[in-house]
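Spelled out, the chains give:
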Amino acid sequence: MKKRIGVAGLVALLTFATASAALAQCGGQLLLKFDADVFAYESNATLSVIEGGNGAWKSNAGSALTVVGIMTLFCGPLGDLTPDITPPYTNEYTFVWTGMSAVAATTEVPFGPSGKKWDTDYSAGSFLVYEELGSSNAPRAGAMPAAPPNGTVPVNFQDGGALILSGSLTGLHTIVTRTTNASTAIWGGSFTASWQASGGTRFGAGPTNIGGNVNVAQGNWCGKYPTGCTPSGYTAHPNGKFDYDQTTVARSSTWGAIKQLFR
Amino acid sequence: MKLRILLPLFMALTAFALPAAADDEVLLSFTGYDYETNGAPNAVYLQIGDSYYGVGFATSFHPVWLAPYVDNTANEYTFYQHTLVVDSYFFGGNVLSVTFAPGGVVDYYEDASKDARNPPNPPNCPKYGSNPPNVDAPSKFSNGLLAITGSLDNAGLYYDYNANQGGFQSEMNITGGAYAFYVPAPSWNGWFMTGLVNSPPGGNPCAAPTGYDHQLSGECRHPVVATSHGTWGSLKKLYR
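Chains as they are written, first to last, in the working numbering: chain A, 1 to 263; chain B, 1 to 240.
Since the hints were made in silico from the structure, they are not lab data.
Please note: incorrect hints may appear among the correct ones.
Said to hold, decoys possible - Residues from chain A shown here face chain B by an in silico Cβ test under 7 Å; the list is partial: (1) ASP35; (2) ILE85; (3) HIS173; (4) THR177; (5) SER190.
Claimed, not checked - Coverage of chain B stretches by chain A, computed from C-beta distances (three or more under 8 Å per stretch; other residues unrestricted): (6) 26-36; (7) 133-146; (8) 184-194; (9) 210-222.
Beta carbons are placed, not taken as given, at the ideal position from N, Cα and C, and that holds for glycine.
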């Protein structure tokens, strides 16, 4: 006799009651936040025409994308993790996005009266989040070593500690805009993607773990070159977040299957 | 009171003497939600005359200029982006592009009441309320100590309905606030950008608040301007 088992509600209740207190900045669907110290680079990107002293990087088809960064905030089930936000950064939580490549060359279209808009789609890849307690060695904004990959990037973003969360990133779409063709142009940018956890020490069931729901990643994608967003050798400077819905998906099961779990 | 004067002075001196890197750096980062109010009866999103707003929480601060003075345990740090009125509208190729008249403002607050955060979280959720403006927003995001305020000029917003994402961008120049002195004066002028996306369904324990247009994740970037070494005398002159 098959019954729809309402385990979801119980798990949600437990989560509700025992999740650690979130920090002041948390709220809504926020799970992970990354800010100043996130940089993207590609294997095959070319610079757009420099207008007003600045341009943006355009991916060629198949260009491999890597994003490295440092987390600034954890919320919800991961709210017990506390990255250091001031020097000397005793604990650091780093991440890498890897395995993605441009599905086609970046499109470049007019934007506004004399501006430009660049769109890029990337193939599916993966994300990995690392915990390094008691030390830090990942370079930060203002000190990113040129020409990645190099002896520091991405190596120092994936060393030293536990892999706490990993999974897939799909449907990454980036947009970079500039309002005019002058040096006074205002730059904008954004990205969206879907993410789904599948590994790491904080993956799985339980109030302080991350389940396998598909969720949204979103934020800025700053592509201004050469001043501002992109140090030498980097193609973008993202800033954003991973959202999370703690609702556990209910699945059909049988009493027999449930009994098996306890034998 | 003395401390309030001396500390900024000390910080200004420190900044005055420090060599600077060449990059722009993030002054503040934030997440939140945006909404509009219609300037005239219309059903078009961000039509000319409509006003655009954002509210939310600062999530990180410049590690040297601001972070040492932030206490996330004792306070909440919120922002309120306002006085942005659409002055040009374009929609083509399923992409919306608007600009805003000069005079926009973004305010960052330090608030010990934490009434926007609404702790404990969970089980409580932040006080965005529904269909803003409401009794919670923007008022609970715009109370406490005005830490930094800045002007938003040359502002624009795009939303690509094909990709279902967009952005807001603007110049952001610091004009005041209790924490402004912590930021070296040559770095007061920068820019501001926000990624926008429709709120996904669900959200447990805190669903996206209803009546807001997008959730946003953004940053305020300011250049680290090279500074020269000064003397006490030249500094004193600034205050005479």
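| Of the hints stated earlier, which fail here? | Going through the list in order, the structure violates hint 7 alone and respects the others.
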